[in-house]
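Participant: For the protein sequence lines, the chains are A and B, in the order given.
Those letters in the first sequence? Residues 1 to 67, by the working numbering.
Those letters in the second sequence? Residues 1 to 248, by the working numbering.
In short, the hints are calculated from the structure, not lab data.
All C-beta atoms in this analysis are idealised placements derived from N, C-alpha and C, irrespective of residue type, glycine included.
Check before you lean on any hint, since a few could be wrong.
Derived lysine to any residue pairs resembling SDA-like cross-links, with alpha carbons at most 25 angstroms apart [said to hold, decoys possible]: (1) B:K230 - A:V18; (2) A:K3 - B:K3; (3) A:K35 - B:G40; (4) A:K52 - B:V42; (5) A:K19 - B:N232; (6) A:K52 - B:A221; (7) A:K52 - B:M128; (8) A:K52 - B:D246; (9) A:K52 - B:G40; (10) B:K3 - A:G36; (11) B:K194 - B:D246; (12) B:K3 - A:D46; (13) A:K19 - B:I4; (14) A:K35 - B:G59; (15) B:K3 - A:Y66; (16) A:K35 - B:G14; (17) B:K187 - A:E15; (18) B:K190 - A:E64.
Sample of chain A residues lacking proximity to chain B, with all beta carbon distances greater than 10 angstroms (derived) [to be verified]: (19) S32; (20) P42; (21) N44; (22) D46; (23) A47; (24) L53; (25) A55.
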Amino acid sequence: MPKVEIRSESCKACEYCVKTCPNKVLALGAESNSKGYHYVVPANPDACIGCKLCAIVCPDAAIEVYK
Amino acid sequence: MEKIYTRPSYIREGATSGFCPGCMHSTVHKLVGEVLDELGIVNKTVTVWGVGCCILGAGYTTHDSFGSPHGRACAVASAYKRTNPDEIVYTYQGDGDLASIGIAETIYAANRGENFTVIFINNSTYGMTGGQMAPTTLVGQKATTAPFGRDPKQHGYPVHVCELLATLKAPYYLERVTCLDAPNVLKAKKAIKKAFQNQIDGKGFSLVEIMSNCPTNWGMAPLETLEFMKENTLKEFPLGVYRDKDAE
Numbered sequence: 001m002p003k004v005e006i007r008s009e010s011c012k013a014c015e016y017c018v019k020t021c022p023n024k025v026l027a028l029g030a031e032s033n034s035k036g037y038h039y040v041v042p043a044n045p046d047a048c049i050g051c052k053l054c055a056i057v058c059p060d061a062a063i064e065v066y067k
Numbered sequence: 001m002e003k004i005y006t007r008p009s010y011i012r013e014g015a016t017s018g019f020c021p022g023c024m025h026s027t028v029h030k031l032v033g034e035v036l037d038e039l040g041i042v043n044k045t046v047t048v049w050g051v052g053c054c055i056l057g058a059g060y061t062t063h064d065s066f067g068s069p070h071g072r073a074c075a076v077a078s079a080y081k082r083t084n085p086d087e088i089v090y091t092y093q094g095d096g097d098l099a100s101i102g103i104a105e106t107i108y109a110a111n112r113g114e115n116f117t118v119i120f121i122n123n124s125t126y127g128m129t130g131g132q133m134a135p136t137t138l139v140g141q142k143a144t145t146a147p148f149g150r151d152p153k154q155h156g157y158p159v160h161v162c163e164l165l166a167t168l169k170a171p172y173y174l175e176r177v178t179c180l181d182a183p184n185v186l187k188a189k190k191a192i193k194k195a196f197q198n199q200i201d202g203k204g205f206s207l208v209e210i211m212s213n214c215p216t217n218w219g220m221a222p223l224e225t226l227e228f229m230k231e232n233t234l235k236e237f238p239l240g241v242y243r244d245k246d247a248e
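Turn these sequences into a full structure, and let the hints steer you where they fit.
Facilitator: As structure tokens, this is what we get:
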């Protein structure tokens, strides 16, 4: 089953991936990283189809996709 | 389970870019890295950084690079490429560097058809120095040095680099792209790959202008800048290929 992994330290919470994901897999998390950003988490991981769109738009290369 | 998307080897392991959240400079760094990985030329590529936010890439990437005096990246890259023709050289510059203080160097490097690649980020402001008006600032757009917005009577009109260079005979490839959504990011990657492939094939001067945002100095959240770009920036700076000698 496809899944996404977020490098929490690289995420800056710009939300481009949250807006781009067609299946609403991603959302801003409650935890913050060492720089104070509420990094994105896969809130709805079962809906992931491995389309890579989130990783393509991520400016900071914080998303890794497995399929 | 197979990893189908990861960060390119061009980005230093464990590094986080120094760019602000949502800044498309980071996206372009990632795309350049992916292209260099795909072409297998990371180890023989040299970057010439301009001055401004673009220099933040220096600690973020793994390959050899050096800084140039403000605006002179195209002149420095010309010299480096002529003395090291086997290496892949590209300049990475913003609009406050390439389109203002460095426009003479850029025009003459293009006019000589120098065989290197230019990655030009146009975010219509001076980012690092705090949001002053750039040559590419839109009419009516506010800046710290134009608090009532750019007034053409006083400040002139935005400079269009691709259109300007397209009047010359020598440039081989000129294209304007953006990174504001996934389809456009893929188009931008294709353009960057072509610009590097042209250099490998010895075809001559290739420039890719990437329309970008500056959430910090525009005073907007990253997602708001995307809407602003669609409604304003891309109307003033139409995307497209301005020169492609392959197609001629």
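Participant: Does A:Y66 sit within 25 angstroms of B:K3, going by the straight-line distance between their CA atoms?
Facilitator: With a Cα-Cα distance of about 4 angstroms, the restraint between B:K3 and A:Y66 holds, given a limit of 25 angstroms.
Participant: Mind verifying the non-interface call on A:N44? Its CB should be farther than 10 angstroms from each CB in chain B.
Facilitator: 19 angstroms, holds
Participant: Keeping to a limit of 25 angstroms between CA atoms, is the pair of B:K230 and A:V18 held or broken?
Facilitator: Within the cut-off at roughly 19 angstroms; holds.
Participant: Hinted pair, alpha-carbon criterion (25 angstroms max): A:K19, B:N232. Please report holds or violated.
Facilitator: Holds: A:K19 and B:N232 sit about 20 angstroms apart, inside 25 angstroms.
Participant: Check the hint pairing B:K190 with A:E64 against an upper bound of 25 angstroms on the C-alpha distance.
Facilitator: Given that 25 angstroms is the threshold and the Cα spacing comes to 21 angstroms, the pair holds.
Participant: Is A:D46 truly not at the interface, in the sense that its beta carbon sits beyond 10 angstroms from all beta carbons of chain B?
Facilitator: Given a closest Cβ separation of 15 angstroms, the condition holds.
Participant: For A:K35 and B:G59, compute the direct alpha-carbon distance and say whether it is at most 25 angstroms.
Facilitator: 18 angstroms, holds
Participant: Mind checking the alpha carbons of B:K3 and A:D46 for me, to see if they're no more than 25 angstroms apart?
Facilitator: 17 angstroms, holds
Participant: Beyond 10 angstroms from every Cβ of chain B: is that where the Cβ of A:A47 lies?
Facilitator: Holds, because the least Cβ-Cβ distance between A:A47 and chain B comes to about 17 angstroms, which exceeds 10 angstroms.
Participant: Is A:K35 close enough to B:G40, meaning Cα to Cα at most 25 angstroms?
Facilitator: It is violated: about 34 angstroms lies between the C-alpha atoms, which goes past 25 angstroms.
Participant: For the pair supplied as a hint, A:K3 and B:K3, confirm whether the alpha-carbon distance does not exceed 25 angstroms.
Facilitator: 10 angstroms, holds
Participant: Below or equal to 25 angstroms on CA atoms is what counts here, so check A:K52 against B:A221.
Facilitator: 24 angstroms, holds
Consistency note: the structure conflicts with the earlier hints numbered 3, 7, 8, 10, 24, 25.
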